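Sequences and hints are given; from them, build the entire structure.
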Amino acid sequence: MNISKRTKSVLGSILLPVVLIILWQYIFSAGYIASAILPSPHQVIKTFIIHFTENEYSFHIISSLKRVLSGFFIGIVSGFLFGLFIGLSRTAEKIFSPSFNAVRQISIIGWIPLIVMWFGVNEFPRIIIIAAAAFYPIALNTFAGVRNVPREYVELASVYGYNRLKLITRIILPSALPSIATGITLALGMSWAMLMAAELFIPTNIGIGTRIQIGREKFNMALILVGIITVGSLGFAMTSIVEIIAHAADRGRILRKEI
Amino acid sequence: MDIIVAKDVRKKFKLKHGQQVKNNGIISNEIDALGGFDLNIKKGEFLVLVGPSGSGKSVFLDIVGGLSAPTSGVVYLDNKPVDAPSEKTGYVFQQYALFPWRTALSNIEFGLESRGVVKEERIKIARELLSLFGLSDFEDRYPYQLSGGMQQRVAIARALATKPEVLLMDEPFAALDAQTREILQNELIRIWEGTDTTVIFVTHSIDEAVFLADRVAVVTARPGKIKEIIEIDLPRPRNGDIRSSSEFAANRHKVWGALKAEVNKAQQEWKLAPGFTD
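In the order they appear, the protein sequences are chains A and B. Each residue of the first sequence is one higher than the one before, counting from 1 in this note's numbering. Each residue of the second sequence is one higher than the one before, counting from 1 in this note's numbering.
For the record, the hints were derived by calculation from the structure and aren't laboratory data. Since the structure is predicted, the reported quantities are computational estimates derived from the model, not experimental observations. Yeah, the Cβ is synthetic: ideal placement off N, Cα and C, and Gly gets one too. Some hints could be false.
What the hints assert, rightly or not - For each label pair, taking beta carbons as the anchor points, the in silico distance ranges come out as:
{"id": "1", "chain 1": "A", "residue 1": "161", "chain 2": "B", "residue 2": "175", "range": "25 to 31 Å"}
{"id": "2", "chain 1": "A", "residue 1": "52", "chain 2": "B", "residue 2": "175", "range": "57 to 63 Å"}
{"id": "3", "chain 1": "B", "residue 1": "15", "chain 2": "A", "residue 2": "124", "range": "52 to 58 Å"}
{"id": "4", "chain 1": "B", "residue 1": "246", "chain 2": "A", "residue 2": "165", "range": "42 to 48 Å"}
{"id": "5", "chain 1": "B", "residue 1": "68", "chain 2": "A", "residue 2": "193", "range": "32 to 38 Å"}
{"id": "6", "chain 1": "B", "residue 1": "196", "chain 2": "A", "residue 2": "10", "range": "31 to 37 Å"}
Said to hold, decoys possible - Cross-link-like lysine to any residue pairs, in silico, SDA-like; alpha carbons within 20 Å at most:
{"id": "7", "chain 1": "A", "residue 1": "166", "chain 2": "B", "residue 2": "109"}
{"id": "8", "chain 1": "A", "residue 1": "166", "chain 2": "B", "residue 2": "12"}
{"id": "9", "chain 1": "A", "residue 1": "8", "chain 2": "A", "residue 2": "247"}
{"id": "10", "chain 1": "B", "residue 1": "12", "chain 2": "B", "residue 2": "74"}
{"id": "11", "chain 1": "B", "residue 1": "80", "chain 2": "A", "residue 2": "161"}
In structure tokens form, the structure reads like this:
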């Protein structure tokens with residue numbers, strides 16, 4: 001991708017937010033809507049700056065980031081191993097897959113009361129539900145990637161006498177990588193989505209979600225919007241970073257376009 | 001001396017649930033791919049298998065390569081029954097099957113890696129092969145950066161890297177356009193004529209068979225067995241010009257004569273078996 005193409009793509013992606021902000025400011029300036037219902041972009045930016053300078057907003061952001069990343073890493077490592085396991089072994093698939101697919105239908109939010117009763121109101125259950133949210137997409141995509149390795153690749157490994165371990169490391173994993181990468185990107189999105197549930201439903205004093213909660217209690221719309229925009233931007237930034245790293249490392253162009 | 005001896009090789013496949021096929025008027029859920037395949041292949045010869053679709057040519061290749069076991073009968077490679085893939089065989093697939101995460105050079109190294117060949121030696125062998133196929137400038141390219149013809153050259157180079165005694169080629173040029181196909185046939189024959197490798201080559205193209213082969217084995221419609229073996233009496237070394245000679249046309253005529261009835265028979269059978277799709 002050359003510079004002008006990249007610039008075009010960046011401009012394209014910020015076009016809609018800019019139009020929405022202009023429209024938002026216009027609605028506000030025209031007096032169509034009370035600022036208690038919808039604050040102006042100006043108010044939101046002011047609240048954002050005040051939060052950073054006076055209310056240690058960065059501390060809350062870092063706490064939420066730690067929470068998301070801990071859950072995400074636990075989720076992708078365990079989900080990857082599980083997906084690999086049921087992908088490699090037909091017996092394991094028969095034993096685990098039906099139960100896994102049944103449990104998968106239950107929203108993770110539904111588990112929160114049970115998890116809180118078991119583990120109490122603390123950081124552990126928050127990380128667990130984020131990890132669970134990351135677990136599903138990575139497990140499913142790793143499984144699919146392992147199962148869809150072209151037959152010829154496996155036959156070649158067999159022609160050249162590769163043992164099982166080498167078959168896995170040299171053929172199956174590289175071949176499954178595009179699917180695994182899709183799983184990682186999806187898992188990251190799910191982790192960010194679940195962060196809000198973790199912070200709103202398992203009460204705490206620190207984190208971006210708690211700022212949203214305080215905004216609601218104090219009827220401070222600007223603060224709620226600051227929280228929402230922060231989560232959206234951070235989630236978007238992290239997904240973009242993962243994609244950029246993946247594409248830079250992917251010199252053989254094995255990753256599908258959509259990730 | 002015969003390097004490969006196939007004795008009464010039979011292979012049955014169970015069809016998927018709900019599929020059935022007519023064998024001599026009897027409806028069955030099994031399909032006889034090979035029905036008593038006998039074939040002796042001489043060391044260093046280029047043998048081409050032609051036959052109608054579904055006549056079990058590829059199945060036979062898989063059995064010789066140790067990728068699939070016969071239902072009955074046996075294939076000997078150097079007097080030993082084949083029961084697993086052997087270090088002596090190399091394989092080239094129709095769809096190249098290059099690893100997209102490896103460069104051309106690294107793809108060629110693949111077969112050598114499991115043989116304990118050290119890195120410098122692997123690179124040396126791979127570079128020699130790339131140069132043989134005129135691809136020296138492309139060693140760092142990934143498969144997506146290569147044309148179909150280049151990809152198949154790399155795949156053949158990968159198969160040749162381990163210096164196999166027997167090279168199994170399953171319709172390797174079928175996915176290429178006609179011009180590229182002829183160029184690759186010329187290259188393959190030029191390179192093969194400089195080796196003592198035995199080649200078993202499967203194709204649907206009679207021209208390709210006649211141009212490449214020492215002998216063309218015509219396989220019957222399913223269940224596949226050898227119908228006739230035709231010696232191709234064209235001189236070697238061969239080059240592209242031979243295709244327009246009258247000797248070439250005569251050989252072509254002989255092969256088509258043996259094949260025609262089988263192709264017609266196979267087409268009749270597909271018509272009679274609506275429950276089975278290829």
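Right, here's what the structure says about each hint:
Residue 161 (chain A) and residue 175 (chain B) have their C-beta atoms about 27 Å apart, which keeps the hinted 25 to 31 Å range intact. A hinted range of 57 to 63 Å for the beta carbons of residue 52 (chain A) and residue 175 (chain B) is consistent with their spacing of about 60 Å. The given range of 52 to 58 Å is respected by residue 15 (chain B) and residue 124 (chain A), whose C-beta atoms sit roughly 54 Å from each other. One distance hint, 42 to 48 Å for the beta-carbon pair residue 246 (chain B) and residue 165 (chain A), is violated here, with the actual separation near 58 Å.
Between residue 68 (chain B) and residue 193 (chain A), the C-beta spacing of about 47 Å breaks the proposed range 32 to 38 Å. Checked against the hint of 31 to 37 Å, the C-beta distance between residue 196 (chain B) and residue 10 (chain A) comes to roughly 60 Å, which is inconsistent with it. Note on residue 166 (chain A) and residue 109 (chain B): the hinted pairing holds, with a Cα-Cα distance of about 15 Å set against a maximum of 20 Å. Between the alpha carbons of residue 166 (chain A) and residue 12 (chain B) the distance comes to roughly 32 Å, so the proposed pair goes past 20 Å and is violated.
Distance hint between residue 8 (chain A) and residue 247 (chain A) is fulfilled; the C-alpha atoms sit about 18 Å from each other, no more than 20 Å. Distance restraint check for residue 12 (chain B) and residue 74 (chain B): the Cα-Cα separation of roughly 14 Å lies within the 20 Å cut-off, and the hinted pair is therefore satisfied. Only pairs whose Cα atoms come within 20 Å are accepted, and residue 80 (chain B) paired with residue 161 (chain A) is accepted, the gap being roughly 18 Å.
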